[in-house]
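Colleague: Below are the chains, spelled out letter by letter.
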Amino acid sequence: MYRSSPYKDFLVGLPKNIFSGFVVSLIALPLGLGLAIASEAPPIAGIIAAIAGGMVVSILGGSHLTITGPGNGLVIVILSAIVGMGEGDLYQGYLYTLAAIILSGFMLFIFGVFRLGALSEFFPTTALQGMLAAIGVGILAKQFHVMLGFTDVKGNTINQLTLMPSSIKNLLINPSGEVILASAIGVMSLVFLFLYARIRNSVFQLIPAPMWVVIVSISVMYYNDLVLKTPDVLGSNLMITLPDNLLASLPRPDFGKILSSNFMGHTLSITLVAVIESLLSIKAVDKLDPLKRRSNINKDLRALGIATGVSGFLGGLNVVTVIARSSVNVNNGGNNRSANFFHAAFLVVFILLFAKQIQKIPMPALAAILVYTGYRLAAPENLFRIYKIGKEQAIIFLSTLVATLMTSLTTGILLGILTTILVHIILNKSGVLFSRNWLKPNVLMYLEEETGNYYVSVKNFCSFLNFFKLKAKLDEIPPKAHAIVDFSLCEFVDHTVMEGLNDYSRSFSLQGGFFEIIGLDVHEAKTEHPFAIRKSLPETSLFNFQISLTKRQKLLQKLSTILDWNYLPDPVSNYGELERFLYFKTKWINFRYNNLESKSKDFLLFDLSYSEGAFIAKEDLRSTFLQIKVPEKIPVFALDKENFMTNILQLSGLKDIDFKNHPDFSKRFYLRGEDEKAIRAFFTDNLIYFFESHPAYYLESDGDSLLIRSKERLASIQEIKQILAFAEELLKILDNR
Amino acid sequence: MSTITFKKIMVGFAFSPNLKANVYESIRMAHYFGGELIFVHVGSKTPEKESRFKEIVTSSPIQPEKTTIEWREGNPVNTLLQAGEEFKVDLILLGALKRENVVKFYLGSIARKITRRAKCSVLLLINPSVERNPCQHIVVNGFDSPQTKDTIQAAFMVAKALGVNKISLVEEISSSEVAVAIDDDRSLRRATLKKERLRRREQTRVKDVVKKLPSEFTTDVNWTTQSIFGRRGYSIGHYAKVVRADLLVMNSQENLSFIDRLITRDLEHILAELPTDVLIINSRGNV
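Top line first, the protein sequences correspond to chains A and B. According to the numbering used here, the first sequence holds residues 1 to 737 in order. According to the numbering used here, the second sequence holds residues 1 to 287 in order.
Misleading hints may appear alongside valid ones.
What the hints assert, rightly or not - List time: in silico EDC-like cross-link candidates among lysine to aspartate or glutamate, alpha-carbon distance up to 20 Å:
1. B:K207 <-> A:E450
2. A:K299 <-> A:D475
3. B:K194 <-> A:E449
To be verified - Covered stretches of chain A (chain B as the covering partner; in silico rule of three or more C-beta atoms under 8 Å from a C-beta of chain B):
4. 350-362
5. 474-484
Stated by the list, open to error - A few chain B residues that face chain A, going by a derived Cβ cut-off under 8 Å, partial list only:
6. S176
7. E177
8. A179
9. I182
10. Q226
11. R231
12. K241
13. V242
No wet-lab data here; the hints were simulated from the structure. C-beta: ideal position from N, C-alpha, C; glycine also.
Bound-form chain B, shown alone (with noise of 0.2 Å):
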């Protein structure tokens, strides 16, 4: 098991009202993880957007260790893509969008189609500020799942890094699993009856999972278990708003088809209504 970091952060950025809290949110970030930045722009290069980007990266409070501009142009998700792949970065930063008067997150097109397609993980900022919001409490997936050891490293990895005494390991059952009908009482006793059984199984398959960790990453942290039984990817997300989590972090898809995205599954519910901040672990390079 190799061990994830966060050494490389690349940032896309456009020219719009957030950009000033976009860059002071990644320069923190970078700060926190120790790690040196990358800034993208897609589109051309002219004098005044270079200088106006510069004042603002010179006015954030902390000063990055490493900063690289790069200017580029084409297809923005492919050049964005292309750009990550040679600087081999660990970490692509992104910003959701608003809705309309509504306070729900979602993803613009161009950087879904990135979260989808990126070989390394991907951190969704929500709601990029200019002063600091404490993060306090960090909700995981925990199934069953070969990724989910590196995703539950990479959250206590987080945790320490940015100060976070809380996380919440939640292992979503499928409710196929239990496969009992309810339709009277006797089949609901042995539903709940299967789905206990179910419960143990799965919290002593995460806590083995946590305790394996490297001594340094749990310490200090306050660590609960939550199973959930229902739609994967769906209940964290709903879970994550309920308890108000600050982040969330999950495992990549496994694999991509067509079908899957119309069924939406897994991240896409996340993609669709982005609960908090969500970290996207990619340990398919490490594998």
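With the rest of the complex left out, here is chain A (with noise of 0.2 Å):
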């Protein structure tokens, strides 16, 4: 990770962050203005917000891979301080904000200055998600109107959801022409935004789904403008609109309130809703990074108050780190700050060469990707996911939702907590254990001095209360180490432990640690644990494996007795390997299901789900690999077809290993790895003939063993037979050197 100075490896990797910075800014464009308008805030505020956000927490952040910029969770606070302080003029309500905005800036610096990002360990991980969903569903029930071409629909949430039957049939009977234009761009972003994961074409991919609506939307009102000859088809209400000249429209920010209760409510709610999300989001990304680099949460917080001042000053939003443009930063190459720079930087050019295009966009397709992401902030998987973890976390999740809208997101959030304390204390039937140890400490971690590893022992309960005392301990342990945890002396573990577990298990393991949890046997026998590790199959039951094999597992199983190898249809989560190869590094693995294992177990074919991208960049991805086993060690590799999109990560300084001598193979394969000498010895002309030869597949070693994909999708029974053909001809070739 450290071969080289610091300073080169950045020059080296600066094509690639810029690179990533500029798809990263496609979505961030279409973001930020939707965002801003969503909480009433002139377009531009979003674009401001992204803007100081990169500019200034690439340069003094503490993480690596995230990108900021105005937040989802923040809509629903910010519109709440807008209507609410602006008490019927908007534009005085925004400059209000401001201020909020300014005041909750400072407070996060300060929050980073006393190192209180472990606050947010505090909230309960259900209680969480059913504020997110509550935010989510905020956004969907205003967006929703506005994605239909209805922007005069006032009201609370409530009131939005039980008017969106109305809104429906206002659009069926008897429509204006007007409303028929931005209902059809509504509605078929979104249709696209929901089919966009779908499509597997690299180029197609390149730009992210919320550019394409943003570019075909611009296109149809172009299309209107210049061959209808239809210009102003939709009114000015369902347009942006954008400041003439930036610099001499500057809003003032009023301070005017800044000593009423209701000030001081609402910039508490933006800095409740700022940490939480850059905190989760942070966490988040951290798990993506290819590199596996610890951020420093605190840092960062300085860095999101800096930013969030300076927006606040030019008249942006808050800036938070967000989850899905880091994501896609991440799967774009990305892989220091720079990117995050780069991408502040795009939106500048943007704004100043496109802005007569972007006042081009029409509403409804901004609403409809807000609409989107609203829908996957409350999907209900989500509940489903969650109630499969305990009908108890459901109840958690629920009553923070409903709390959520029906007052405002800090009682809301609040009221989660006491849910969760009252479930808990239900489930033990006494509060006493929480009451009488709450505050004591219940950690011990030591290195044993015999083994060398670390110990770590737990007492009397472990929950989100107390979680921040473990977790202190856990961060002090090298992830190299081997950890074990016992949970032994204590009676009672929650799911935000389980799971804050389980993120550390999957760190520790990712980095050629080894984290064990024991002792928690015990209680399952004794006070039926209700929070044992469920968390390791997260999708097992729903779909139910078992109960009927489809038609492809049944072929699968005859192909097994055909081959006499062994089928297991059910999923398992054990995937430790997989993720030694590079095709994971950016990728989450969930589970692999429909094993099918050679009795030496030397070949394994298996259907895999897992994931790329997060949150509304999230795509869910299923394929059929085969993993066998070598004969004797290899060098490590990749090899990939060679297409478009690798040709433009090879222009931003990846690296492909061309064979003089084979320029067929040269042209077609996309071959990567470190040690170069190692594989063009390996790499001798008869297997460069075999490969030349036979259907170009990805495949990839990890030095012991070789991992083969054809489509990135399942394959077929006749796709796994070809499959199978080609890695016994490959291990022959190997075999017989």
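From these two lone chains plus the hints, build me the complex, please.
Modeller: Written as structure tokens, this is what we have:
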């Protein structure tokens, strides 16, 4: 990781980061505009936040791959601040809110200075998810009407939800031409956003879905203008307006209400949500980092605070760390903070050069993006997933969701915490365990002198109330070490902790360490432990694989009897070895299923469920892989079909190992790996001829085994047979050496 | 360095269901340490009480060398402490209480006050029993303090007396000594290195203490060291529980102001939840 000097690494990585920053700016532009509009702020406010965030946090921040800008969670709080403080005058409300944003930036900075990043651990996971879902419902309810072309639906979230059928009715009965065009753009955009992940084409996927929506809808507007000669086909309330001269029209934040309790309330909720959203995102992005670096969250909070202050003075929204854009950054090869900077720089370019085109974006298109965002936050799958962890979790989730919708965000999350505590007390049939031990230290961690392992013992109870104590100790363990966490002295472990530990276990295994949890089996026998490791396999029972095999599964079973292999259709979550492969560096493996294994255990064919990106940029994938053990050690390499995407990546600095004597192979395949000499020696003439004469698979070696994938989808039985034949022949060549 | 011995042992007793176990355990301890026993009862002296108590003492399989029974009246804490000073006892034995239906032991308020104020060493027994439970593993604190030498020596002495062959010396190192806040990978590496250095330093110090002990104490005893980074006073108790030690030997508190008790530190963690039998060595009279 630290082979050469950091400056050289930085320079070499620069083209990649510029490229990645560019792709991110493509998604940041529509999201920035949309999120600002959704919060009733001027559209440019979102872009200002992204630019201030990108510039400041990339220089002062403590994380590596995060992208900063206006966040989804903030929409609801900023909206209520603008509407609440404006008392009818939205622009005045916006000026008051800018003051609140500046103050919340200051508070964020103070949070970072006093190292209060750990505060976010005090929120139970499920309650947080309930809160996020409520934010999603809020965004969806408001933007649904705009997507259909109705901008005058007012009221709170509940009202807007109940008005949804009437908006649909208005659309179907006697619509005006304007509404038909607007809703057509909106609905088509939404359908496209839902289908985008299904289209696996690297050129097409280069441009993020929201940007496609923007490009196509701008084209529609230009078509109306230039070809149909109907300018202003949509009213001004359905179009974006940007100020003509950005610098001259800077708004002045109005600190007039700073002493009122109303103002402080809004400031506090803005800060609270900013901290929660940022920390959740930073944590999530750290998990995606191929270099497995750990972010300095307190430093990041300080930078976010400064960025928020700057943004507020310039008339922009809050700056938070955002997960969807960050994941796009990771997927496009960004590897340090400069990507965040370039994303901001490209936004500046867009605003300066394309202001006119941007004003051609119809609101329904942006609303569709927001409806999609809201849907992803509030998707019913989330509730199903939580229900599977436990009924009590569903209760916590739903009560937080409803409380947030009915009251305000801060009240909602507080009620969520109270519900969680109540549920824990009911499950334990007594609150004494918690009240007596809450403030006492309960974690012991030491390096065992005989074995060199880190041993961690937890006493009494471990829940979101005191998880930060355990976390503080776990953070001290180098992730390459062997850690043992013992819960045998602990009477109660909650879901927040189990999920947190799962994250630790993941990051330990990714960095070559070992993370073991012991002593939980005692609980199930004694107290029917309610949150015991159920996290390992999140998606088992819903689809219930055993009950009836699909046609493909039956064929697989038949194939297994012909080959005399073992077939196991059930999902398995132990995929430890797979994470070593480059292919999964920026991907998230869920589970593998339909496992077909040879008796000698040399061949393992399986379907894998994994995902790429996060949140609205998330794509769930299922593909068939074949893993074969090789007879002797081979170099580590990855071989892929050369295509448009790999060509672009090569322009931005990735190296392709080419062979002069084999132009055909060099042109068709994209080969990479650290040890070029060993790889050149490994790819002998007959091996290259073999690859040239067979269908091109994605092939990767980790030294001991080969991973083969045909397409980024499940393979048919026919294709599976071809892969197997391919692998057998390949093994024969390797055996003959 | 004067050697700590337990030649005079005082036991406060009350007529509780545990009386027999307490008496048997006390006699056993006195026997091992080769000391005399002073039983003190705070309360009125009645003929039935006296005969009942004597009956228990005589029924013990091991007979003590010398016993005195004292009957006094007054405030239990003050009376017992006063008696201790009068007789110049070396050790006070106290029994712990068990929390209702959980396996957790704590000190009653009287015992707690005596422990805090006693000028001699105190042995807190969590589970006195009529039958003997052999003691196999002693955990002793080894942090940097003038008292620690005596405490370690006492632990080895007790180990000899009770036939214990395993002693773990635990150096608790306060996390504040590391003085590196862990934020990212770099600070983690720095903190790990710093800890390693501190660990070595502390180990050498503790090993030196043991090596300077008279060899009759250290032969045949299997001793190891273990450094723990964590809150002093808390970590060692938790450690003793984790390794299932039978006896924990600790320094007495150096000075206990009101504030110390408010922010529970050192001994107070142990007193609030006894992990095992605890022997608190008070060598202030000796130093």
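Colleague: Taking the earlier hints as the rules, which of them does this structure contradict?
Modeller: Violated: hints 4, 6, 7 and 8.
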